[in-house]
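Asks: Given only the sequences and the hints, what does the whole structure look like? Please build it.
Read off the chains here:
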Amino acid sequence: MSYTLEGSTGTWEIVVGLEVHAQVTSQSKLFSGAATAFGAEPNSQVSFVDAGFPGMLPVINRECVAQAVRTGLGLNAQVNLWSRFDRKNYFYADLPQGYQISQFAHPIIGTGEIEVTLSDGTTKTIGITRLHLEQDAGKSLHDQHATKSYIDLNRSGVALMEIVSEPDMRSPEEAGAYLTKLRQIVQYLGTCDGNMDEGSMRADVNVSVRKAGEGFRTRCEVKNVNSIRFVMQAVEAEAKRQIEVWESGGEVHQETRLFDTARGITRSMRSKEDAHDYRYFPDPDLPPLVIEQAWVDELKAALPELPDARRARYTAMGLTPYDAHVLTLEKETAAYFEVVAKARDAKLAANWVTGDLFAAINRTKTSIAEPPVPAEHLGELLDLLADKTLSGTLAKAVFEAMIETGKAPGVIVEERGMRQVMDTGAIDAMVAEVLGKNADKVAQYKGGAEKLFGFFVGQVMKAMQGKGNPALVNEALKKALG
Amino acid sequence: MHPTDFTLRGAIDALNEGIISSVELTQAHLDAIGKLNPRLNAYITVTGEQALAQAKASDKRRAEGGAGPLEGVPLAIKDLFCTAGTRTTAGSKILGNFVPPYESTVSGNLLRDGAVFLGKANLDEFAMGSSNGTSAFGPVENPWSRRNDPDTRLVPGGSSGGSAAAVAARLALGATATDTGGSIRQPAAFCGIAGIKPTYGRCSRFGVVAFASSLDQAGPVARTVEDCAILLKSMSGFDPKDSTSADVPVPDFAAACARGVKGLRIGIPKEYRLDGMPAEISALWQQGMDWLRAQGAELVDISLPHTKHALPTYYVVAPAEASSNLARYDGVRYGLRQTAADSDLRDLYERTRAAGFGDEVKRRIMIGTYVLSAGYYDAYYLKAQKVRALIRRDFDEAWTKCDAILTPATPSAAFGMDEKQDDPVAMYLNDVFTVTANLAGLPGLAVPAGLSAEGLPLGLQVLGRAFDEETVFAVGTALEHAANFTALPGLRASA
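Chains as they are written, first to last, in this note's numbering: chain A, 1 to 482; chain B, 1 to 495.
Because the hints were derived from the structure by calculation, they are not lab data. Each residue gets a CB set at the ideal place from its N, CA and C atoms; glycine is no exception. Hints are all accurate, no fakes.
With a cut-off of at most 30 Å between alpha-carbon atoms, the simulated DSS-like pairs for lysine-lysine come out as follows:
| hint | chain 1 | residue 1 | chain 2 | residue 2 |
| --- | --- | --- | --- | --- |
| 1 | B | Lys241 | A | Lys139 |
| 2 | B | Lys362 | A | Lys139 |
| 3 | B | Lys308 | B | Lys383 |
Chain B stretches covered by chain A per the calculated footprint, using a threshold of three residues with CB under 8 Å from any CB of chain A:
| hint | stretch |
| --- | --- |
| 4 | 97 to 108 |
| 5 | 212 to 218 |
| 6 | 234 to 248 |
| 7 | 331 to 338 |
| 8 | 370 to 378 |
Covered stretches of chain B (chain A as the covering partner; in silico rule of three or more C-beta atoms under 8 Å from a C-beta of chain A):
| hint | stretch |
| --- | --- |
| 9 | 82 to 91 |
| 10 | 314 to 324 |
Replies: Below, the structure written as structure tokens:
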């Protein structure tokens with residue numbers, strides 16, 4: 001059941017390809033030693049190279065190359081041992097050299113593919129066309145002065161990976177799933193933090209529409225979309241716009257557009273006729289980038305476990321495919337789960353993480369990176385359940401106390417005396433007391449009103465402040481009621 | 001003997017022997033600059049106070065036993081090398097009063113070895129030119145003049161015209177220069193001094209204002225081949241800040257000068273016999289061959305078949321790279337900025353670049369932009385790259401038959417300051433013998449070898465294998481000895 005849109009002339013299919021810019025996680029920039037921290041004072045992380053001073057020369061940062069190779073390996077892609085940097089020439093105030101150093105003709109990573117999981121549980125393979133390294137530009141600030149623009153060069157020269165997909169996606173959901181998966185892979189690899197709010201990852205979305213069985217029609221590129229949700233919205237909005245154009249007898253022209261997130265529509269930015277002639281040519285300051293297969297093999301051997309492999313391992317541990325999917329979506333979630341599940345019941349751990357913990361995160365507006373309860377504490381809570389110190393009900397109460405106080409469950413149990421009562425003598429005594437106080441109900445029960453059993457359980461538990469072991473209370477009541 | 005008449009080697013010896021101090025030597029040069037620079041215009045900036053302070057510090061180091069290889073030697077620095085704290089202009093208005101906060105690797109290496117900097121030498125704007133006529137700071141005059149026409153002022157060649165004129169007129173013992181298509185060798189030949197463009201990658205380009213990155217190479221000019229060898233050793237060396245710098249050992253070039261040429265095979269490329277080449281240039285070339293043969297070298301005829309395509313290839317590649325390299329001069333971060341009251345960004349660019357660049361630079365930016373444009377890239381830039389590969393291959397083939405190549409350095413002697421200025425193509429022809437070495441990345445040395453009928457210096461050129469400057473220096477020294485070039489320019493400090 002494929003995704004389609006209905007127009008006045010019939011059914012339309014949509015075609016989507018993504019170009020994702022992912023900022024490489026590294027201490028320093030692609031061609032200079034300047035630092036790359038986000039949120040620093042404007043123009044505080046700029047070397048003379050980044051500012052395009054006379055006589056300054058680029059020198060490739062080995063770690064950025066390693067990160068690109070790791071990402072390529074994570075995308076099951078071909079690693080090109082010979083690649084080359086080209087200059088993309090254009091003038092802009094925040095482009096100090098007057099050109100961007102990029103890899104136009106010979107990217108470091110060639111074709112690859114990734115598998116995405118859709119909401120109906122099916123999977124789909126999306127092709128990767130290429131990944132190349134390039135410099136980011138600086139930032140123009142137009143809102144700081146009435147008549148002037150300010151330039152911040154902190155980002156100038158920061159390493160980006162441009163990851164280009166094949167036009168393999170056919171729905172907003174697939175586009176979202178692809179970007180989600182891509183983000184997941186780079187986060188697992190540690191090659192990009194995937195933080196779309198800070199601009200570490202942004203997407204150019206290529207959209208076209210067609211009737212069933214047709215070849216590709218003209219596409220438009222929606223630039224710089226900065227969240228997964230907006231990508232999905234932009235795909236739908238742009239597809240609907242194009243259908244309207246075609247159906248009203250017009251023609252879609254190749255152009256660059258922007259997504260207006262407030263109004264949920266795309267707007268024209270520039271047409272193909274206005275497109276720059278970038279005058280690409282090989283950067284004469286940089287020899288071709290040649291890497292050794294042995295180095296690639298080394299990087300491959302040291303790669304962390306990737307989401308697909310981790311998901312498979314979790315299902316093998318007895319988790320449902322859904323839980324395995326949810327727990328591996330974010331690297332931090334999986335890391336949290338691993339601590340909780342270590343040497344414990346994996347299914348129980350998964351239930352607590354996806355259930356109580358996720359609910360608590362939502363409620364307290366925290367995140368898995370800064371969780372309301374540390375993973376070690378939640379693990380300890382599971383131990384207290386396993387050794388019957390706590391009942392399920394008590395555990396939930398202790399969990400709430402953990403969120404409130406930040407204390408370890410063992411400490412809370414001791415301080416508040418929340419230990420479950422296993423002493424059958426104490427339970428028998430409490431049962432006798434409750435039954436004694438409710439002689440009328442005991443008579444009714446014995447007369448056939450068996451549903452009153454629950455009432456007795458409740459009364460005993462209440463009298464024991466919830467600490468009685470439920471199984472033992474049940475057993476004692478059954479015995480006493482004969 | 002006037003202190004400015006020392007060779008660089010002679011000055012080092014005199015300093016070592018205590019015959020003269022660096023302060024005295026430096027002061028003598030500053031006096032000479034004061035006397036002659038107003039006419040020659042060889043220096044854009046003279047850093048007299050700084051030079052004397054450096055000289056004083058140098059004498060102190062020497063007294064304390066810490067003398068470097070160039071201790072106390074006063075030099076001129078082409079104003080294309082960034083010098084920390086000293087204005088660097090590249091011969092252009094667009095850099096305004098740009099004072100670099102950093103030192104180029106090459107000038108830094110010279111300072112490390114004890115050199116004293118007298119100032120920044122004039123040059124063609126962004127090193128684009130063969131006459132020093134494109135400098136925004138006015139033309140440089142050649143200290144030589146024609147025997148029968150002493151009033152016609154002559155060009156020193158370019159782009160390192162200020163460096164060559166300063167050294168010839170005894171306003172420096174040596175100078176740094178750069179060579180993209182002949183900018184060291186042609187002015188050296190025009191001014192009757194020696195100059196070497198080393199192998200591409202021998203000297204770091206870090207801190208040198210870029211013209212055409214794949215062709216630019218720094219090198220020295222000085223009055224003897226050995227002086228060039230001494231300077232080159234200090235200037236050279238691998239630099240991790242330049243990705244195209246070569247990580248190879250730096251030999252003792254000066255020691256190689258005395259090797260002699262016995263048993264060396266000297267290639268004579270038939271394609272360098274140009275139609276219409278002046279007879280005195282042909283005669284000088286023949287003289288050079290005879291000198292080398294007499295000293296035991298073997299002459300071999302070689303062919304470099306793609307030579308005739310070298311100049312057009314150069315005038316595609318160099319402007320292409322320049323058009324991109326010069327994009328950074330936009331008035332946004334440093335240097336000249338021209339705006340009107342209502343200027344937007346585009347207007348700022350247009351006004352700044354219109355006012356900041358001279359005609360020749362604009363011409364080359366336009367040529368370069370054109371040859372890289374969509375639809376023309378394959379026909380020009382890509383084609384030029386292919387021809388460049390063929391030119392390299394010509395040389396690879398030649399090196400199987402010979403150890404060095406001998407050619408004239410220039411197709412003529414120095415010309416008048418009013419000549420060729422309106423004919424860019426005639427001007428470009430100056431580089432006909434020199435551009436091939438840049439396209440192939442090979443070392444090339446110009447040696448003064450004789451005088452024209454007008455009494456002007458003429459040079460010979462020695463080309464060598466990549467990173468074999470030693471053989472080039474040996475051949476150059478042999479030519480120098482045989483030529484016994486003792487003629488002096490009319491304008492010089494000691495005259």
